[in-house]
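Colleague: Chain by chain, the residues run as shown.
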Amino acid sequence: AQTVTQSQPEMSVQEAETVTLSCTYDTSESDYYLFWYKQPPSRQMILVIRQEAYKQQNATENRFSVNFQKAAKSFSLKISDSQLGDAAMYFCAYWSGNNDMRFGAGTRLTVKP
Amino acid sequence: EAQVTQNPRYLITVTGKKLTVTCSQNMNHEYMSWYRQDPGLGLRQIYYSMNVEVTDKGDVPEGYKVSRKEKRNFPLILESPSPNQTSLYFCASSFLGLSPLHFGNGTRLTVT
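So the sequence lines, in the order shown, correspond to chains A and B.
Under this note's numbering, think of the first position of the first sequence as 929, with each following residue one higher.
Under this note's numbering, think of the first position of the second sequence as -3, with each following residue one higher.
Since the hints were made in silico from the structure, they are not lab data.
Careful: at least some of the hints might be erroneous.
Said to hold, decoys possible - Some chain A residues close to chain B (C-beta under 10 Å, calculated; not the full set):
#1 ASP959
#2 TYR961
#3 PHE1019
#4 TRP1023
As the list claims (entries may be wrong) - Computed footprint of chain A on chain B, listed as stretches where at least three residues anywhere in the stretch have a Cβ under 8 Å from a Cβ of chain A:
#5 26 to 39
#6 43 to 55
#7 97 to 108
What the hints assert, rightly or not - Taking CB as the label site, the calculated pair distances span:
#8 A:ALA999 / B:GLY93: 23 to 29 Å
#9 B:LYS65 / A:SER970: 27 to 33 Å
#10 B:THR18 / A:ASN995: 38 to 44 Å
#11 A:LEU975 / B:ASN80: 27 to 33 Å
#12 A:GLU980 / B:SER63: 29 to 35 Å
#13 A:ASN995 / B:LYS65: 42 to 48 Å
#14 B:LEU37 / A:ALA999: 24 to 30 Å
#15 A:PRO937 / B:GLU49: 36 to 42 Å
#16 A:THR948 / B:MET46: 31 to 37 Å
#17 A:GLN985 / B:GLU58: 41 to 47 Å
The C-beta atom is built at its ideal place from N, Cα and C for all residues, glycine as well.
Bound-form chain A, shown alone (with noise of 0.2 Å):
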């Protein structure tokens, strides 16, 4: 069974400063997408950042971006310019699209005004 897996449980970042939240993941799949969620104390899981594993340039939004490393099945979250409102539980999901989408523990991330 593919597995995901989120080492930091904890990070920190200053304020306008830049963190990256690592992800490792398994899986014997060719085709499958990975996510970023964020969790705010409001418990909505809202999406991040997507990667379709068939992509070889790392997804972008805004100060968000991936390094999606596929050989490695590394996939980490580049936060740049943090701000406050980016203090929230991060998970990182793969999804294959059939029938379980995975998620790794999670990385709570503190910002420091």
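Use these hints to put chain B onto chain A, whose structure you have.
Modeller: What follows is chain B alone, placed relative to chain A:
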């Protein structure tokens, strides 16, 4: 507005008292799923459904039931809740294939 609606948001109950958490989506999604979120474990799938009348077990199905009589609804049923089912529950839906999941706002369940 496209959304997944989950109710209730908070629920406190006692051991053994049957309960149902409702989930409804208005996006005509084929796929629906239930997850539970526990600290340090991320989200784990309970049950999923690929279409009407088609349901299957996820990673942690014990103690739960689901049904999919209509495309838009996918209720989660706890016939005899126990304290180890205290958790945060999410319903999610998507189109089949590689499209992202849309989540409900979660249900915080406490079983005493």
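Colleague: Against this structure, judge whether each hint is valid.
Modeller: Hints, verified against the model:
1. ASP959: Check passed: Cβ of ASP959 (chain A) comes within 7 Å of chain B, closer than 10 Å.
2. TYR961: TYR961 (chain A) check passes; min Cβ-Cβ to chain B is 5 Å, inside 10 Å.
3. PHE1019: PHE1019 (chain A) check passes; min Cβ-Cβ to chain B is 6 Å, inside 10 Å.
4. TRP1023: holds, 7 Å
5. 26 to 39: That given contact holds, which follows from 6 residues of the stretch 26 to 39 of chain B lying within Cβ reach (below 8 Å) of chain A.
6. 43 to 55: holds (count 5)
7. 97 to 108: Coverage by chain A holds for the stretch 97 to 108 of chain B (5 residues, Cβ < 8 Å).
8. A:ALA999 / B:GLY93: 23 to 29 Å: holds, 25 Å
9. B:LYS65 / A:SER970: 27 to 33 Å: holds, 31 Å
10. B:THR18 / A:ASN995: 38 to 44 Å: holds, 40 Å
11. A:LEU975 / B:ASN80: 27 to 33 Å: holds, 30 Å
12. A:GLU980 / B:SER63: 29 to 35 Å: 33 Å Cβ-Cβ, so the 29 to 35 Å window holds.
13. A:ASN995 / B:LYS65: 42 to 48 Å: The hinted range 42 to 48 Å holds for ASN995 (chain A) and LYS65 (chain B), with Cβ atoms some 44 Å apart.
14. B:LEU37 / A:ALA999: 24 to 30 Å: Given a distance of about 28 Å, which is inside 24 to 30 Å, the answer is holds.
15. A:PRO937 / B:GLU49: 36 to 42 Å: holds, 41 Å
16. A:THR948 / B:MET46: 31 to 37 Å: The hinted range 31 to 37 Å holds for THR948 (chain A) and MET46 (chain B), with Cβ atoms some 36 Å apart.
17. A:GLN985 / B:GLU58: 41 to 47 Å: Holds - the Cβ-Cβ distance for GLN985 (chain A) and GLU58 (chain B), about 42 Å, lies within 41 to 47 Å.
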